[in-house]
Amino acid sequence: MKKILFPLATAIFFSANAIAQSSGIFPGEPFNGMQVNYSITGATISKYTDVPGYTWTRSLVVTDIQKGSTLGISGSLQAGGLGCTVTVSVSAGNKTSSGTYEVKPGTPMNFQQEVAIPKDAAAANISVNMNGHYSMGGGSRGVVVQGGWDGKWGAQNKTAEPDKYKPAPSKVAILKDLLKIYGDESKIPRGLVSNGPDNNKLWWFDNKYDDYTCGAYQSRVLGMLDNIKYGNDPEQKKLLEGYEYGPIQANCGVTPGGHQAVVIYPKGTDWRETGTVLDPWPEQKSKSYTIEEWKKIFPYGVNPSGYYKGQYPICGGSGYTDPRKTELTTQETNWYKSLAKKRQEVYKNIKDLTERKRRMKIDYMNRNIDTRAAADCPLNMYIKDANGRISGFPGGVLRTEIEDVSVNTFQLADGTYWTELAYPSNAGYNIILKGTGNGAAEVYSGFYMQDEPAGRAVYKYSLPVSNGKEYMLNQAGENTAIKITNDVKNKRAAINGVKIASASDEGNEITNAGKEEKIYDNGNIYGVNNGPVSATQFAVTQTTFITRIENYHYFNNGKQPGTITLVNAWGKKIGPWQASGTLGQGGVQNAYWVVRPNISLPPGKYTVLDSDPASWSTNTQSANKGFTTVWGYTQ
Numbered sequence: 088m089k090k091i092l093f094p095l096a097t098a099i100f101f102s103a104n105a106i107a108q109s110s111g112i113f114p115g116e117p118f119n120g121m122q123v124n125y126s127i128t129g130a131t132i133s134k135y136t137d138v139p140g141y142t143w144t145r146s147l148v149v150t151d152i153q154k155g156s157t158l159g160i161s162g163s164l165q166a167g168g169l170g171c172t173v174t175v176s177v178s179a180g181n182k183t184s185s186g187t188y189e190v191k192p193g194t195p196m197n198f199q200q201e202v203a204i205p206k207d208a209a210a211a212n213i214s215v216n217m218n219g220h221y222s223m224g225g226g227s228r229g230v231v232v233q234g235g236w237d238g239k240w241g242a243q244n245k246t247a248e249p250d251k252y253k254p255a256p257s258k259v260a261i262l263k264d265l266l267k268i269y270g271d272e273s274k275i276p277r278g279l280v281s282n283g284p285d286n287n288k289l290w291w292f293d294n295k296y297d298d299y300t301c302g303a304y305q306s307r308v309l310g311m312l313d314n315i316k317y318g319n320d321p322e323q324k325k326l327l328e329g330y331e332y333g334p335i336q337a338n339c340g341v342t343p344g345g346h347q348a349v350v351i352y353p354k355g356t357d358w359r360e361t362g363t364v365l366d367p368w369p370e371q372k373s374k375s376y377t378i379e380e381w382k383k384i385f386p387y388g389v390n391p392s393g394y395y396k397g398q399y400p401i402c403g404g405s406g407y408t409d410p411r412k413t414e415l416t417t418q419e420t421n422w423y424k425s426l427a428k429k430r431q432e433v434y435k436n437i438k439d440l441t442e443r444k445r446r447m448k449i450d451y452m453n454r455n456i457d458t459r460a461a462a463d464c465p466l467n468m469y470i471k472d473a474n475g476r477i478s479g480f481p482g483g484v485l486r487t488e489i490e491d492v493s494v495n496t497f498q499l500a501d502g503t504y505w506t507e508l509a510y511p512s513n514a515g516y517n518i519i520l521k522g523t524g525n526g527a528a529e530v531y532s533g534f535y536m537q538d539e540p541a542g543r544a545v546y547k548y549s550l551p552v553s554n555g556k557e558y559m560l561n562q563a564g565e566n567t568a569i570k571i572t573n574d575v576k577n578k579r580a581a582i583n584g585v586k587i588a589s590a591s592d593e594g595n596e597i598t599n600a601g602k603e604e605k606i607y608d609n610g611n612i613y614g615v616n617n618g619p620v621s622a623t624q625f626a627v628t629q630t631t632f633i634t635r636i637e638n639y640h641y642f643n644n645g646k647q648p649g650t651i652t653l654v655n656a657w658g659k660k661i662g663p664w665q666a667s668g669t670l671g672q673g674g675v676q677n678a679y680w681v682v683r684p685n686i687s688l689p690p691g692k693y694t695v696l697d698s699d700p701a702s703w704s705t706n707t708q709s710a711n712k713g714f715t716t717v718w719g720y721t722q
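My numbering puts the first residue of the sequence shown at 88, with every later residue one more than the last.
Some hints here could point you the wrong way.
Below, in silico cross-link-like pairs of lysine-lysine (DSS-like), each with a Cα-Cα straight-line distance of 30 Å or less [said to hold, decoys possible]:
#1 Lys274 / Lys295
#2 Lys471 / Lys586
#3 Lys206 / Lys191
#4 Lys444 / Lys605
#5 Lys428 / Lys444
#6 Lys383 / Lys412
#7 Lys605 / Lys374
#8 Lys383 / Lys435
#9 Lys412 / Lys424
#10 Lys295 / Lys471
#11 Lys428 / Lys605
#12 Lys428 / Lys267
Bear in mind the hints are in silico, worked out from the structure with no lab data behind them.
Using the sequences and the accompanying hints, generate a full structural model.
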């Protein structure tokens, strides 16, 4: 991508014959990946004025229109970053035609808008308004082509002042302002680990991870939006005038449970189609997704949250309930008083009183959900009760027929799935596990999970899994054996568990996750292309344990993940490691290639090698280096 340099206080004027000015490409080089190739019919354009800035603007001089014919603009649009929203509008007299186009990065889109020009038309206007999408805090970037005619020959659209043209606040611009507030880590804090599944595994043993579960993050995001809606900042309150919001859940049908998040969407629209999901849990930091992107990560049973019935419009409420006016019920208060002092301290440490009450209400609803089973392996896991009802993933398809069973699943960086079932201990269900492949598997069984971590009982089962084999774990009591139910020839018909007292019993992956920090990241918000020409290098100044490396392959053309290798300053290769792929923006398959080296590196400089540099993302802003992120911790 060619870097664009421009003086902010300079307007650039162009003039030629009228026919030549009826079409053009603007800007001449894509600005943050955005560019429009347009052609205008039914109007005479004598010249134009270009003004660069955070919004590049082309002001057209429309000297006449062809009454009785058609006024139109057509062409193609392209975008960078995370794409852009484009509004195209033409009007003549009392006739108007407008359309909105969502342009994905790297995928040009054709557009066309036209109207019949009335014979008595006294005015006409043409506009193309491109609003780029970038990560939180990235600022506003745009491209505008505009022109108007006021009924006089030689009419001229007012020229935008250099770098001062600002379109009227659009829903896109307002959403960006909301996402900027959402990105404030004082409001939505970064987690203690780098991903949600690791946080939830560690939660089994330590309540300091309570604040970073999906439900806790959901509560914080709702609190942030409630504070905007009911707060005293008039400018912030305006941001929600055109938006609705509410809690949603996935992977659990309509009963409370599963995965929890928050959706925000334009008023008068269907959140299932127009929503933006605010969900910090997957990456343990503020992250937003289009509803379609989010449903690719959590594809099952997307519904309004069952925990907030009647409190938000999407949850069946007639409006919103000011949470500051919501008090604990007598039953909730008595439950809190019955808790051990250590458990009470967890709530007392939540400084925001409204947040504290919201969390207590949710935990009160979950007070009996104290038995859990989890598997991070090639297994489908589900429960079948005495009546034949099923909750879980038989055959890899979600079923939620047992009301008191909560189901959750999430794809991990290595391509396998972490799945968890939770239910009341007095149910005594059988957990059925069916092999979906061959390999080593680990299953976890937890009891008294609503107690303090010291009072919980967690057991780990390690077993070889075969495709099609069926296994059963009866959780009526602690540490019952897992049995193979459809292989009478297997001599090892039962697998016993081992009690786990702390996260350190789990080995490096979980232990390291709690210390993991980002130590190198050369990514940026701008449009990307492929094929870095400069070496991607990072340095460590003291011995560092490398837990994870992630290379970005946005335009991979379906390429399967390859390998990542490190080379030290003396040319010695370390690795390679086979990568797994995860989804990128817009649902791009295998956009991120991820490896977990789990190795110690001495101080020095290291070069990152990718097995497929032809699809490795880069751009000018990264100094033409391949996009790489490295995590680890110093030893």
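Results for each hint:
Of the pairs offered as hints, the one joining lysine 274 and lysine 295 holds, with about 18 Å between alpha carbons and a cut-off of 30 Å not exceeded. Simply put, lysine 471 and lysine 586 have alpha-carbon atoms about 25 Å apart, close enough for the 30 Å limit, and the pair holds. Our distance criterion of 30 Å between C-alpha atoms is broken by lysine 206 and lysine 191, whose separation comes to about 39 Å. With a CA separation close to 34 Å, the supplied pair lysine 444 and lysine 605 exceeds the 30 Å bound.
Between lysine 428 and lysine 444, the direct Cα distance comes to roughly 17 Å. Compliance with the 30 Å bound is thereby established for this hinted pair. For the suggested pair lysine 383 and lysine 412, the alpha carbons sit about 37 Å apart, so the restraint of at most 30 Å is broken. As the CA atoms of lysine 605 and lysine 374 are separated by approximately 16 Å, the hinted pair is consistent with the 30 Å bound. Between lysine 383 and lysine 435, the direct Cα distance comes to roughly 37 Å. Violation of the 30 Å bound is thereby established for this hinted pair.
Distance check on the hinted pair: lysine 412 and lysine 424 sit about 21 Å apart at the alpha-carbon level, within 30 Å; holds. A distance of roughly 33 Å separates the Cα atoms of lysine 295 and lysine 471; the hinted pair therefore is violated under the 30 Å criterion. Simply put, lysine 428 and lysine 605 have alpha-carbon atoms about 36 Å apart, too far for the 30 Å limit, and the pair is violated. For the hint linking lysine 428 to lysine 267, the alpha-carbon distance of about 38 Å lies beyond 30 Å, and the restraint is violated.
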